[in-house]
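S.K.: Let the sequences and hints guide you as you build the complete structure.
As you go down the protein sequences, you meet chains A, B and C in turn. Numbered continuously in the numbering used here, the first sequence closes out at residue 367. Numbered continuously in the numbering used here, the second sequence closes out at residue 373. Numbered continuously in the numbering used here, the third sequence closes out at residue 519.
Just so you know, the hints here were simulated from the structure itself, not pulled from any lab data. Errors might be hidden in some of the hints.
What the hints assert, rightly or not - Residues on chain B that point at chain A, a partial pick, calculated with CB under 7 Å:
hint	residue
1	Asp21
2	Pro120
3	Gly168
4	Gln172
5	Cys175
6	Ala176
7	Phe179
8	Glu180
9	Arg334
We put the beta carbon where it would ideally sit given N, CA and C, even for glycine.
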Amino acid sequence: MSNQKNRKLSQRQFFFLIIQTQIGVGILSLPYDLHIAAKQDGWLSLIIGAFIIQFVLIVLWLLGKKYPEWDLFQMIEFLTGKWLGKVLSLSYAVYFTFVGALVLVLFGRMISGWILPNTPIWVITFLMTSVSLYLVCSGIKVVARFFTMLSALLLFLLFLLVFSLNELKLMYLFPVATSSWKELAAGVNSGMLAFLGFILILVIAPKVKGAAVDTLKTIFIAHWFVAIFYLIIVLISFTFFSTEELPLVSSPILYMLKSFEFTVVSRVDLFFLSVWIVSVTTTFTIYIYMSGVGLMRVFHSQNKKVFLIVTAAAAFFISFWPIGSQKTIDAFTSHIMTASYGMAIFLPFILYGLSLFRKKNAAGSER
Amino acid sequence: MMMKRLLLAVICLVVLTGCWDTRHFKNVKLVLTIGFDAADDEKIKSTVSIPTIRRGADGPGEETVSVLSEIGYTPRSAREKIDLRISNAFDPSKLEVLLLGEELAKKDIYPVLDVFYRNPKNNLNAKLAVIEGEVEEAIGMQPNIDTRPSKYISGLLDAVKDATHTTGDNLQLICAELFEPGVDFVLPLLKVDKEMSTLKFNGLALFHDKVYTGDKITPEQTTLLMLMMGYKGKVARFTTQVLEDEEEQIMNYISFNVMNLDRNLNINVKDGEVEAVINLKLNIRVVEYPKKHLDKATEVTKLDDKLSEELTKEAKDIISRLQEANSDVFSIGRRIQAYHYKEWKKMDWNEEFSQITITPKVEVNIQQQGVIN
Amino acid sequence: MSFFKFFSKHHSNDSSEDQKEIKQLAAGSTAKNEPQHPTSIKLSENIKYLLKNLNHSSDVKVRVLKDGQSALIYLESLVDQEKIQRTIFAPIEDNDTNSILGLPSGKKTTNLEETIPALLSGQVVYLENGTTTAIQFNATAHYSRSPDEPTNEKVLRGSHEGFVENLTVNVNLLRKRIEHRDLTFKYFKIGKKMNTNVAIAYMDGLADPKIIKMLEKRIKAITSEAIMSPGYIEEFIEDNPGSPFPQMLNTERPDKAVGNVMDGRILLLAEGSPTVLILPATFFMFYQSPDDYNMRWYTGTFVRLIRLASFLIAIGLPAFYIAIVSFHFEVLPDDLVMPVKSSINEIAYPPILEALVMVVIIELIREAGIRLPSPVGQTIGIVGGLVIGDAVVRAGLISNVMVIVIALTAIASFVVPSNEMSTTLRLLTFPIILAAGTLGFVGIVFALLFIFIHLTRLESFGVPYFAPIAPLQLKDLKDTFVRLPLFMMKTRPKDARPLQKGAMGESREWKKSEQSKKS
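M.R.: Printed below as a string of C-alpha cells:
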C-alpha cells in the first residue's frame, strides 16, 4: 500500500507537469499571434483569455473531483456508455496525437527556418520523437521528476529577457483598448489557444496525491504562473517592437534577442532557441503520454509501451503531411485549433453536465 | 533494451546522414563591413571589405584586407556577383558596420536593409552610418590608426556614441523607427577626409519616415540634441561662449561635463493644436573655465543662468532644423497617438509636425567645479 | 539519541536447552545440509582422507606427535608457524590437550568434511588416535600491508588511513570508528570455486531493511565461479548494467565509508580488495570528497561548485566549441571573431575530426601514464602534453584553440573525486561531440536531453540516482551544490531512505545560553 502511495505524484510535480505542458511551441509566436488579432491590445486579450480558461479549469476540476479514482477516459466510458465512450475516447486519443503532430510541425518549421535551413525536417522531428519516447516510456513519475528539474530552464529564459529592459518603450502599448470588440475577441481566441494542454489535469488527476482542494490550488497557481509568464513575454515584445513592426516579425522574442551582444557571447537567440527545444519536448511528451493512455483504456490493455510507441510513430508520420509549406501548416493549425475547442472545452462541459444526472453507482463494476 | 536501440538509431542517424548545415568557420570569408551606394539606372553598388589573417607561427599573423565592389539590382544580386570573385563563401553574419551612401539614403532605405532583416543568420547588431559622398571611398580607405576598416569605423561610431553624439542605433533598433508613423530617427554622418586618410564624424543625418531628408545637425549641436532626446552616453561635453568682453578669446569660453540629466517631454493637444514642451535639467561639472572666479555663490548662479540661456537658444535652433526637415526624432507623433488617440486620428502628422510649437527649456545647474574654485 | 531496545526478557529455560542454543548461536547459521564424512577412529584413515581431498597438495603439512598417537594437519602456507610452536606444541608435549581447546576458535567436530574448509581458511586440525573428535583452531597468519592512505583518493586534511586487502582488518577499521551496537556485519561466501569472503555492513535501525534484503538477494544470486574484486560483484548486482554511469560508489577510505554508513547506506566489502562499495549511490555522491567537510564551509561550497561546473565543462565544452566553429559562429562576440578565425583558418581537418583526434590522444597519454612506473609516467605526461601539443599546433594539424578546449576538458574530467565517474564523463564526450558536429546546438540539446533523461530514470537499488535534483528535495540540496555548515545538516539525505530522519538536534545551543548570560 505504501508502495502504491509512493508511486503517486506530489502536488509539486503536478504543478510542473501542467506548466511544462502548457509552455511549449507557442511562446515564440504568441506575441505575434496576439498582435495580428488585436494590435497593441493583444495583452488585454491574453488576460481575458486567462480568465475564461480559469473558469474552464474549475469545471474540469469539479468533474475530476466527482470521480477522483478515474482518468478522463474512464469517466467518458462511464458517463456515455460503452460504445459511445469508446468512440469518444478514441477520438481524444486521435486528437492528442494530432496535437502532438502539430507540435512537431511547428517545431520542425521553426528550427528549419531559424538555425538549420538545409537539414531535412524529418531528422529534427525524428530526434524529438525519439527523445520524447525515451522519456515517456520511463513512466509518468520519471516524467514528472524530469519536468521539475527542467523548470529551472524557464527561469533561464526569463533571465535572458532581462537584458531587453533597457530598450523597452511603454509608449508602444498605447493607445489602450482602441481595438474593436471583434479584434479583441480574435485576440482572446489566440490567447486561449496558448493555454491548451490543461486537459492534462483530467488525465493525470487520479495519479496525484492530496485532497481535491489542494489540487484546485495547484491548478490555480499553475495556471496563473503560465499566464504571467506569457504576459511578461507579450509585454516585452509589445514594448520592444513598435506597433507597425510587430506584424513583420513572427517570432518576436527571438528577433529581439538576436540584436543583443554581450562581451562574452552574442546572438543570444540561439541559446534561447536551444532551451526552447526542451520546452517543446516536454509538451510533445505529454501529448504522447495522454494519447497512449487513451488508447490503452480503449483497448483495455496494460501494455502501455506499445501504445506509446504507436502514437509517437503516428504523430511523427502525420507531421510529414502539412510540413511542406506555410499554407498547409496554417490550415493544419487552424483545423486542430477548432478541434481543440470541442475536445478541451466543449466536451468536458458536456461530461460535467452528464455527471450531474448520473449517480456514481456503477463505479466499481466498470473497472 | 529500448534505450540501446534508440541510441543505436541516433548514432546511425548521425553517422550515416552527414551534416547538412555545417558552415565551417575556417572556410567562410567574413564580411565585416558592407556599404551601399546608389549607382546608375537605379542600381545599387555594394562594397565589402574582407579581412584575411595568415596564421603566424605563434598567434595571429599578418592581416590583409581586400575591398570589392559590384553593381546589382538589389543588395543580394550585387552580393552574388561579389561571391563570384572570392574563394569560399561570402558571409555577412558577423557584420559590424553597415554604411549607406548619401544619395542612396535619400531614397527609401528599407529595400536595401530588407535582406538583413529577413535572413536569420545576419547580424542585427551591426552599426549604421550614412557617408557623405561615396561609400566605396570610405571602405577603400586605408586607415593608419586601425588595421581593419570595420574595426576603425565601428570604433569611431562607438566613440561618438560614448561622447553623446549619437544614439548608437543598430539595425534592429532603427527597425521600429523605420516603420512606426510619428517616430523618426537620426543616423551618424561620416565624411571621408582624404588628406589625413581618416573618416570624420560630421553630424547627424535627419531621417523622415524611411528617407534621409538631406538636412543634418552639426557635430557641435549633436550633444544637445541627444540630451534633449533624453539620451546620454558615457560623457557629454560642451564648450560654450559665456562672455564677450574679454580680450583674449580663450577667456570667453567655458567647458563642462554633464553629470546627469532630467528630461521631461510634455505634450498638450487642444483643438488639434499641438504644443510640446521639452524641459531639460542638466547638472554639470565645470572642467575648464580660464577666468577662474567661481568662488562666490552669486557668480555661480549667474553662470547657471547664462548657460541656461545659451543652451535654450541653441535648443531652439536645433528644433527649428528638425521641423524644417520634418524629422520627429522625439517621437512626439507616437506619443500623441498613444495618449491623444482621438486627435491623432484627425491629423496628418507628415504635414503637422513642422507646424506645431515645440518649446525647449534648458536649465543648467553647476554642481561641481573641479578641485579649484 | 540512544536507540536502546528494552526487549531483554529473561528466559528461565533449563540449562541443557540453553547450552544448545548458545552453541547454535555461536556457530552461526551453518546448520545446512553440508556434506558429511564422520571421523574415523583410526588416525591414519583420517589423515589419508584429508590428504586425498586436498589432492596431496605439497603445502599440506602433517606433523605426527606423541609417537604417532596424534597428528596436526595444516596448510603451511596459511598458518603462523611460530604460533603453532608456541601455543600448540608446547602444551601437547605437556599432555595438556584441554588447553588446546582454549585456543582461539578452538572447536570440536566429528565431521571430517567440515575440517576441509577450515584448513583452507588457515586453521589447524588436531587429530588423535582412538577418538572421533577432531579439534580445529585458528593459527592463521595475517600477511597484510599497513592501512596506508590510498594513492588515488588523497585528502589534504583528515584521516590518512585506507582500507587494505584483508577483510578482517577492514572490519576492524570500521568497528574502531563506529563504537555502536547497531553497526552490523553480514558475511557471505560467493564465487562457487573461489569462496571469496564478502561482507556487508550497515547500521541496523538506520539503513532501509528493504534495500538490505534486495542486496542480499542479489548477492546470493551470483553463480559465478570466480569473484576477484568488488568490481565483479558490482556488475552482477547493479540495477542497470547498460548505463554508462556507476551505480555504486567505491572508496578506499574508511572515513568516507563510515560517513555513508551513518547516512543509512550499506557497505560491501570483499576479501582481497581494499575497495569498498557504497550503495545505494546517487550521482552527486560522486562529487563529494571527505576534504569538503574539513574545510571552512565557504571554501567547501566553492570547491563543490567548481566540481559541478567541471561536470558541464567535461561533457559539454568540446561539443559547444565544435557547434560554434562549424555551425553558429555568429555566437562569437565581435572582438573574438578575428582571433579565433586566424587560429583555425588554415587547419586541414574539420573541427569534429580535430576534436576526436585530440580526445583520443589525451586518452592515450593518460592510459600510458597509468601503466608505466611513476617516474616514467611523468615523462610521458610531459612528452604527450607539451611536445605533442606544441608540435601538433605548429604543424597546423590542429588549431591552438582546440588544444586549449580539449586540455581544459581533460582537466575538468579529472576534477571529479571518483575515478569511475571521471571515465564515464570522458566517454560521454564522444556522443555529444558527434551530435554537435551533425546538428550544432540542436544536436547538443538532444544529446544532453538523452543523458539527463537517462540520469533521471536510473535507479540504484530502487533509489533515484539523480536525487536530490530529480526528484527535487529542496532540503537535501544543502549538501549537493553547496556544503552548509555541519550543524545545519540536521537531517540525513532522504535518498538513502534512512529509517531515522534526524541526524542531530541543536548543536549550538551553547551560543544562545552564552549570549543570554552576557545580557
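S.K.: Holds or violated: is there a CB of chain A closer than 7 Å to the CB of B:Gln172?
M.R.: This hint holds: B:Gln172 lies near chain A, its Cβ roughly 3 Å from the closest one there, short of 7 Å.
S.K.: Holds or violated: B:Phe179 as interface residue toward chain A, Cβ cutoff 7 Å?
M.R.: The hint holds - B:Phe179 has a Cβ within 7 Å of chain A, the shortest such distance being about 4 Å.
S.K.: Would you settle whether the hint for B:Cys175 is holds or violated, based on the nearest Cβ-Cβ distance to chain A being less than 7 Å?
M.R.: holds, 6 Å
S.K.: Report holds or violated for the interface hint on B:Arg334, using the least CB-CB distance to chain A and a cut-off of 7 Å.
M.R.: This interface hint holds because 6 Å falls under the 7 Å limit.
S.K.: Less than 7 Å between beta-carbons is the criterion; does B:Pro120 satisfy it with respect to chain A?
M.R.: holds, 5 Å
S.K.: Can B:Gly168 be said to touch chain A, with a Cβ gap under 7 Å?
M.R.: violated, 11 Å
S.K.: Using 7 Å as the Cβ threshold, decide whether B:Glu180 counts as touching chain A.
M.R.: holds, 4 Å
S.K.: With chain A as the partner, please determine if B:Ala176 meets the hint condition of a C-beta pair closer than 7 Å.
M.R.: Hint holds; B:Ala176 Cβ to chain A Cβ min 4 Å, cut 7 Å.
S.K.: Restraint: B:Asp21 near chain A, CB-CB cut 7 Å. Satisfied or not?
M.R.: Where the cut-off is 7 Å and the nearest Cβ of chain A is about 5 Å from B:Asp21, the hint holds.
The structure does not agree with numbered hint 3 stated previously, though it agrees with all others.
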